[in-house]
Structure formats: structure tokens, C-alpha cells
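Enquirer: For reference, the chains in residue letters:
Protein chains: 2
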Amino acid sequence: MEKTFTLDDILGMSQAYRRNLMNTISGYKSANLIGTLSHAGVANVAVFNSVVHVGATPPCLGFMLRPLTVPRQTYHNIKAKGYFTINQIALPFFEQAHQTSAKYDEQTSEFDACGLRPQYTAACPAPYVQESPIKLGLQYEEEHHITANGAIFVIGRVVEVLIDEQLLGAEGHVLLENAPSIAVAGLDSYYRAELLARLPYARPK
Amino acid sequence: MEKTFTLDDILGMSQAYRRNLMNTISGYKSANLIGTLSHAGVANVAVFNSVVHVGATPPCLGFMLRPLTVPRQTYHNIKAKGYFTINQIALPFFEQAHQTSAKYDEQTSEFDACGLRPQYTAACPAPYVQESPIKLGLQYEEEHHITANGAIFVIGRVVEVLIDEQLLGAEGHVLLENAPSIAVAGLDSYYRAELLARLPYARPK
Numbered sequence: 434m435e436k437t438f439t440l441d442d443i444l445g446m447s448q449a450y451r452r453n454l455m456n457t458i459s460g461y462k463s464a465n466l467i468g469t470l471s472h473a474g475v476a477n478v479a480v481f482n483s484v485v486h487v488g489a490t491p492p493c494l495g496f497m498l499r500p501l502t503v504p505r506q507t508y509h510n511i512k513a514k515g516y517f518t519i520n521q522i523a524l525p526f527f528e529q530a531h532q533t534s535a536k537y538d539e540q541t542s543e544f545d546a547c548g549l550r551p552q553y554t555a556a557c558p559a560p561y562v563q564e565s566p567i568k569l570g571l572q573y574e575e576e577h578h579i580t581a582n583g584a585i586f587v588i589g590r591v592v593e594v595l596i597d598e599q600l601l602g603a604e605g606h607v608l609l610e611n612a613p614s615i616a617v618a619g620l621d622s623y624y625r626a627e628l629l630a631r632l633p634y635a636r637p638k
Numbered sequence: 434m435e436k437t438f439t440l441d442d443i444l445g446m447s448q449a450y451r452r453n454l455m456n457t458i459s460g461y462k463s464a465n466l467i468g469t470l471s472h473a474g475v476a477n478v479a480v481f482n483s484v485v486h487v488g489a490t491p492p493c494l495g496f497m498l499r500p501l502t503v504p505r506q507t508y509h510n511i512k513a514k515g516y517f518t519i520n521q522i523a524l525p526f527f528e529q530a531h532q533t534s535a536k537y538d539e540q541t542s543e544f545d546a547c548g549l550r551p552q553y554t555a556a557c558p559a560p561y562v563q564e565s566p567i568k569l570g571l572q573y574e575e576e577h578h579i580t581a582n583g584a585i586f587v588i589g590r591v592v593e594v595l596i597d598e599q600l601l602g603a604e605g606h607v608l609l610e611n612a613p614s615i616a617v618a619g620l621d622s623y624y625r626a627e628l629l630a631r632l633p634y635a636r637p638k
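Taken in order, these protein sequences are the chains called G and Y. Residues are numbered in the numbering used here as their position in the first sequence, beginning at 1, plus a constant of 433. Residues are numbered in the numbering used here as their position in the second sequence, beginning at 1, plus a constant of 433.
Excised from the complex, chain G in its bound form (with noise of 0.2 Å):
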């Protein structure tokens, strides 16, 4: 049977109801980690599922931080430093990935304290996750606040690329399902994925 909800109905939900139901319900999501350098030299990661493709020339990607009502880590990393990374979450440290949701202190590194290990490169002066066999190293590009909530799109432009070359397909395709990838729902719902199908380019019958 289909469910109508209204937005009465939603607003009458209990936060947490909610909160599941909007972040669950528009699909599957990336499961991400972004690295971050603090300004005394803490590196920072935690696990995000909004990141989006932007543009390809030049290459963007954006992701959703939440809004600044409390200290956000990696938004003060990134503007301060001008750099980030974005780490594909696999299926071997899935469940360390989601433990950098914690709130840990901004002296303690989320690496640490999750048993990741950061790994630089002369590019970008972030942390990369080591264990990620598809990483992006960015340059902070531009932000925009979200007038309805006060959340911020973030926009960064990639300036390198380290991926396990076994991953890379004959046409550049990236083929998450050897990483294997994982793909999230909401902040909770972890999933392994299975190709289907790649189809070729539609074009009116």
C-alpha cells in the first residue's frame, strides 16, 4: 500500500524519526572520507555521503557540510588551509571509516584514533586515508550557504589523483564494484553493490 505523508505530517515526526526518513530517502549515497590538516598540523578525517560531481572541465566536486551552529573541524581545516581530500570508503575499513563520526576533541586525530593512516603527497597538503584505493586530493573553489537551513555547499577543484590502477576501465570509468566500493543510506546503512548493467547512451527510438 502507498503512504501518503504531508509536510505536516513530516513536521510532526519526532526529530529522530525524521531524521532517518529524509537522510534514508532519496537513495543511495557515496560513502566518503575528507582529510583535513588543522592549522597545528592534526589530521583530521571524517566520513561523508553528499558528495556530488560538479563539473568535469574543470573537475568539481561539492559536497554538503552541515550548518556552523557548532565547530565544524573540517570546514575550519579547509578554509584555513585551502585544501582537502575525498577518500572512497571500501569494504575492508568500512566500520573504522564510520567510527570518525565520533566527536572526538580537535587535538585528537580521527586516524589515530580510528586506526586509519594519513598518507601526503607534495600536491596537496592533506591527509590522504592510505587505505582508500580511490583518492582525491582538492583545492578549496567556492562555497554557498543554504538559505532554508543554513547548511553550506562546499566546491572544491581536483588537482590530483591517486587510484589503484586495476580500478581504471578502458573508457575512464572508475570500477567501484572491484574496490570494492561502498555506498551508504542516511548515516547509518552501510551497502555492497553489484553492477547491473552499463548502458549505452540513450538516444529517442
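No lab work stands behind these hints: they were computed from the structure.
Copies of the same chain look alike in the list, so a pair counts if it works inside one copy or between any two.
Using 27 Å as the maximum straight-line C-alpha spacing, the simulated DSSO-like pairs for lysine-lysine come out as follows:
#: 1; residue 1: 536; residue 2: 638
#: 2; residue 1: 536; residue 2: 514
#: 3; residue 1: 514; residue 2: 436
#: 4; residue 1: 536; residue 2: 512
In this text the structure is predicted, and so the values were computed from the model without any measurement.
Since the structure of chain G is provided, determine the placement of chain Y on it from the hints.
Expert: Same frame as chain G, but now just chain Y:
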């Protein structure tokens, strides 16, 4: 072996290779059909992989639209009518959903052309996709133009949810694996997902 691409390497790739790489490299995405109504009453529907959660209170979702270098029916209709729908793609109709990405003229309804059925309610003057088990009606809220490339981040406020009640978990989670919902990578790679775990709220250990 880990392969490194610099920004120059990325910009030196063929356009098709770079597009495939940059669209798939940030991981699995939600597969949704966005439904709109034209000023002439034609029901439009198109596939989008960039829907993200913006906030639960008020309930808002956003998605990326490509730059307005050519007419964009979805954008035009949302601006003209003020409403749109987001409909999750499920296994039984993912090939019809992909076919909506073909370039039909604006007099042609992709519903008719691709074998999908529009569904209307009193609360939302935009067409839902009847085949979808998880449907959202949204009112246009705001938009942000990306300086880096002219893309547009469109945000809507959820005014109605239509959902198969068997897909609602006790705490508000949508059980995507039972829909069964589709995940997508880039513009062409469709996946089915299997639940690994719902992990508890993380706290420092």
C-alpha cells in the same frame, strides 16, 4: 599499483575519458527521476544522479543541473511552475528510466516515449512516476549558481511523500534494499545493492 594523475594529466585526457572518470570517481549515487510539468502541460521526466540531503527541518533536498548552455526542460519547468518530483529508480524499470536521458523535443513527454506512467496528487502540481515505490513532491526553494563552471544547485522543500509502507523501518529508515532501489555510478553504470550493516551511532572509544 597506485597510479597518480595530476591536474594537467586530467585536463589532457580526452573529453569522454575525463567525463567518465570524474563522474564515477566519487562513488555510488542515488538514481532518481525528476518529474516536472511544462507551461504547455507536457509531463517531463529525466534521470538525475546528484540528489543530496540538504536538511531534515525543514525537509530539503538538492540536485545539480548542468550549465544553461542549451535549453534545460527540467530547470525551465521548475522555474515556471514552482514544483517538481523526485522518484527513486527501482530494479523493474531502470532501463526505461535510463532512456529518459535521450534528447526528446519539448512537445514529447518522456513518460510516453519511455513507457512510464505519470501520477498526480492535489498537493503537488508536478507528475510523479507511478512505477516508483518512493516518491517525493517538492516546492522550489532556492538555487545557487556555481562560479567555477555555471552549473546550478537547485533546492526544493519536500511537501509530500508517497511511499510503499512496507519500505518504512520502525525508526524511519527507508529500506532501500527491499524496494529494490538502484544505485548509479556516472551516467551509465547501474547497480543493485545489498545491506552490509546498520551501524550504531559512533562515540569515542
